[in-house]
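**Student:** Residue numbers (our numbering), protein chains in the order written: chain A, 416 to 578; chain B, 182 to 770.
Bear in mind the hints are in silico, worked out from the structure with no lab data behind them. We put the beta carbon where it would ideally sit given N, CA and C, even for glycine. Incorrect hints may have been included.
Unchecked claim - Capping the alpha-carbon separation at 27 Å, the derived lysine-lysine pairs in DSSO-like fashion look like this:
1. A:LYS442 x B:LYS630
2. A:LYS454 x B:LYS418
3. B:LYS669 x B:LYS630
4. B:LYS730 x A:LYS576
As the list claims (entries may be wrong) - Computed footprint of chain B on chain A, listed as stretches where at least three residues anywhere in the stretch have a Cβ under 8 Å from a Cβ of chain B:
5. 425–431
6. 435–446
What the hints assert, rightly or not - From the derived model, a few chain A residues whose C-beta atoms are all more than 10 Å from chain B:
7. GLY457
8. TYR458
9. THR465
10. SER468
11. ALA475
12. LEU490
13. GLN491
14. LYS495
15. ALA505
16. GLU516
17. ARG520
18. ILE524
19. GLY527
20. ASP532
21. GLU572
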Amino acid sequence: MSSTTTASSNELSQRLDPIVQRYQGKKGITIPLLADIQKEYGYVAEEAVTYVSKKMDISASEMFGVATFYAMFRLQPEGKYVIRICRGTACHVQGSASVAEEVARHLGIEEGETTEDGIFTLQHVACLGCCSLAPVMMVGDNVHGLLTPPKSIEILEDYRKKG
Amino acid sequence: MSQTIVKIGMGSCGIAAGARPVEAKLRTLLEGHPEIEIRKVGCIGLCFQEPLVEVEMDGKSTMYGHVTEESVEDIVKEHVLGGKRLDQALVLDSDGSGMENPRMDKQVRIVLRNCGIIDPEKIDEYIEREGYDALKKVVSSMTSEQVYTEVLDSGLRGRGGAGFPTGLKWKFANLSKGDEKYVVCNADEGDPGAFMDRSVLEGDPHAIIEGMAICGYAIGANHGIIYCRAEYPLAIKNLNIAIEQAKERGFLGDDIMGSGFSFDLKIKEGAGAFVCGEETALIASIEGKRGMPRPRPPFPAQSGVFGKPTNINNVETYANVAWIIRNGSKEFSKYGIGKSRGTKVFALAGKIAKGGLVEVPMGMPIREVIYDIGGGIPDGKEFKAVQMGGPSGGCIPKELLDTPVDYESINATGAIMGSGGMVVMDEGTCMIDVARFFLSFVQNESCGKCPFCRIGTKRMLEILDRITKGEGKESDIDLLLELCHQIKDGSLCGLGQTAPNPVLTTIKYFKDEYMAHIVDHRCPATVCPSLIHYVIDPEKCIGCTKCAKNCPVDAISGEIKKPHVIDDTICIRCGKCKVSCPVGAISVE
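Could you build all of it, start to finish, from the sequences and the hints given here?
**Tutor:** Structure below.
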């Protein structure tokens, strides 16, 4: 892995030292630590992990090991709106696969990718727990239910218009 | 005259159904009426009727369903301010005349006793309904042994699905030596198709806090951790508020109610890994590591979080505890049959008319849950199967609809109780596709530690993929069965050990459907894309061109006002044409 951007150590310390202070000396903190890095950068940035791992005396490989294990962490920046298409059982039997296909086709991206304009990132998630409204997707923090392929496109276009 | 209260269901299902604009409108309409209280409550379980608004007035309660920004105006004008109840969309009625009254009356609400009734952000409303009375009773007048014995006597078993006696688990943790012990709540609800934990966490967080504190007292622990899915932001928010309030009132913290017992509680957010529902993996995750299971023993009761004795129970299990202590173990064990006592919450979803959360006494036949409470199958379709227990469970066919819902009877079918998800499937569901769906799920979620689970499920997925494409061989069934047994025997944790269940049960009950795919290259439910074709009936087609315009790959051609045709070689089976046809001329073969 090579870093595509190089930030000055000054900038790194400004952004990351408050996070380091929050967790120093505590145990079992790798997950919230990574979550805070992700909150700060929008994703788990390699340079941030390298910096924090030195300060906290946790190996970078351990941190990446944890980051790649859990669905919550991303190693790439994401778009303005994250689309989470629910692929739970109830959604599946109500046709979420065709919703997912249509959305991917419409946006021209695969699961896990971000549109070129940086507006949408497409993700599949295991279950959002809104099974009675299946099929469901979340856009940002909003849940949209009882979807059909055309309805899901309309919803996404509304978000695009908002910019 | 008693005070008028207007309640609005603001669980995440309610919000998803559009409760927010309704709430905003309600607040605007009632701006000049400080005497009328607006209360935000959790989900009452009637998810298919949401958004829900309930009016409490003169000792009577009326609930309206499918409320919109427009209809809430009528409710406020006519009922809240005018005192005249509306007949339309009347869902529940304290007089018993609402359309959903019969299905609510069939339920027994212990776990869901406060959901949809109290405002989860207000501790006083919980206390008004005898909240924290059980904790008070425990710390002031019971010994630890009395507490776990009471829970043991009630017959309460783990509601996460495994069904281990809760009181016994507590006893083991109590007898375990250690200066520091932990109480953990497994709120990682990763089972696709289950949402009861979410509803309880959102709608009645204090019930979990109280249950955990009682457990802490029973096992001698001073620390509690709620491991909650990050995908449930509202649950986390409400829990945080509830924990703060409980601390302020002295139900958490040092020297609770002057008893000398101290208990603190914090939330640990899960990071999205299904395997973390397994207790040893959950412990690893709490410790900040990759959530990989480890062999037992030692059991968490001996060596859990940071090597300390730990008791882990599911959300629903803890939600029962305060009720049992308050009402006594006998009252609880009055419900249920055999070794399954009390009630069970089920999340009804899929092809069911009235999806939502229901709580029924153990032992009710599945048929009664699905038909009498769930309203049966919509659109006049035939029931085909009900999937219980998520990826660890299985599909129960029509012939077994009279199976009672208790741990042993459900296990005997090849499915499991699990956390209580019931996903109903009708004739339009392909069972091979369902089996493949679960396999692809466990394949994604396998932690990768055991080769049987990591590679075995991958091989099974490949075989099922082949079958759904019409490329299956008759020998595939035996190969699948062989793999199933090896994966069951060779895996370390519950995820791998149960991963073959959806395949085993579909082969057991729906072998015909496998054979139709393998021998006839046909998908009877017309689901599997490689085995179906979209065709236009030239007699019915009016040549409106709508299908051609909607086709994303230009597979449809034809002149205006003349019958159109679909080029099967280009068609991607997205079904847009069928949906867009105004005269129903397009069918699937």
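**Student:** Determine for every hint whether it applies to the structure shown.
**Tutor:** Going down the list of hints, with the structure as the test:
1. A:LYS442 x B:LYS630: holds (24 Å)
2. A:LYS454 x B:LYS418: Holds, at about 17 Å.
3. B:LYS669 x B:LYS630: Between LYS669 (chain B) and LYS630 (chain B) the Cα gap is close to 14 Å, so the pair holds against 27 Å.
4. B:LYS730 x A:LYS576: Holds - the C-alpha atoms of LYS576 (chain A) and LYS730 (chain B) are around 23 Å apart, at most 27 Å.
5. 425–431: Contact hint for the stretch 425–431 of chain A vs chain B: violated, 0 residues under 8 Å.
6. 435–446: Held - the stretch 435–446 of chain A has 5 residues with a Cβ nearer than 8 Å to chain B, which meets the minimum of three.
7. GLY457: GLY457 (chain A) is indeed farther than 10 Å from all Cβ atoms of chain B, at 16 Å.
8. TYR458: holds (14 Å)
9. THR465: holds (18 Å)
10. SER468: Since the minimum Cβ distance to chain B is about 13 Å, SER468 (chain A) lies beyond 10 Å and the statement holds.
11. ALA475: holds (15 Å)
12. LEU490: Its Cβ never comes within 10 Å of chain B, the nearest being 14 Å, so this holds.
13. GLN491: holds (16 Å)
14. LYS495: holds (19 Å)
15. ALA505: Not fine: 4 Å to the nearest Cβ puts ALA505 (chain A) too close to chain B.
16. GLU516: violated (6 Å)
17. ARG520: violated (6 Å)
18. ILE524: At about 15 Å from chain B, ILE524 (chain A) clears the 10 Å cut-off, so the statement holds.
19. GLY527: holds (12 Å)
20. ASP532: At about 21 Å from chain B, ASP532 (chain A) clears the 10 Å cut-off, so the statement holds.
21. GLU572: holds (15 Å)
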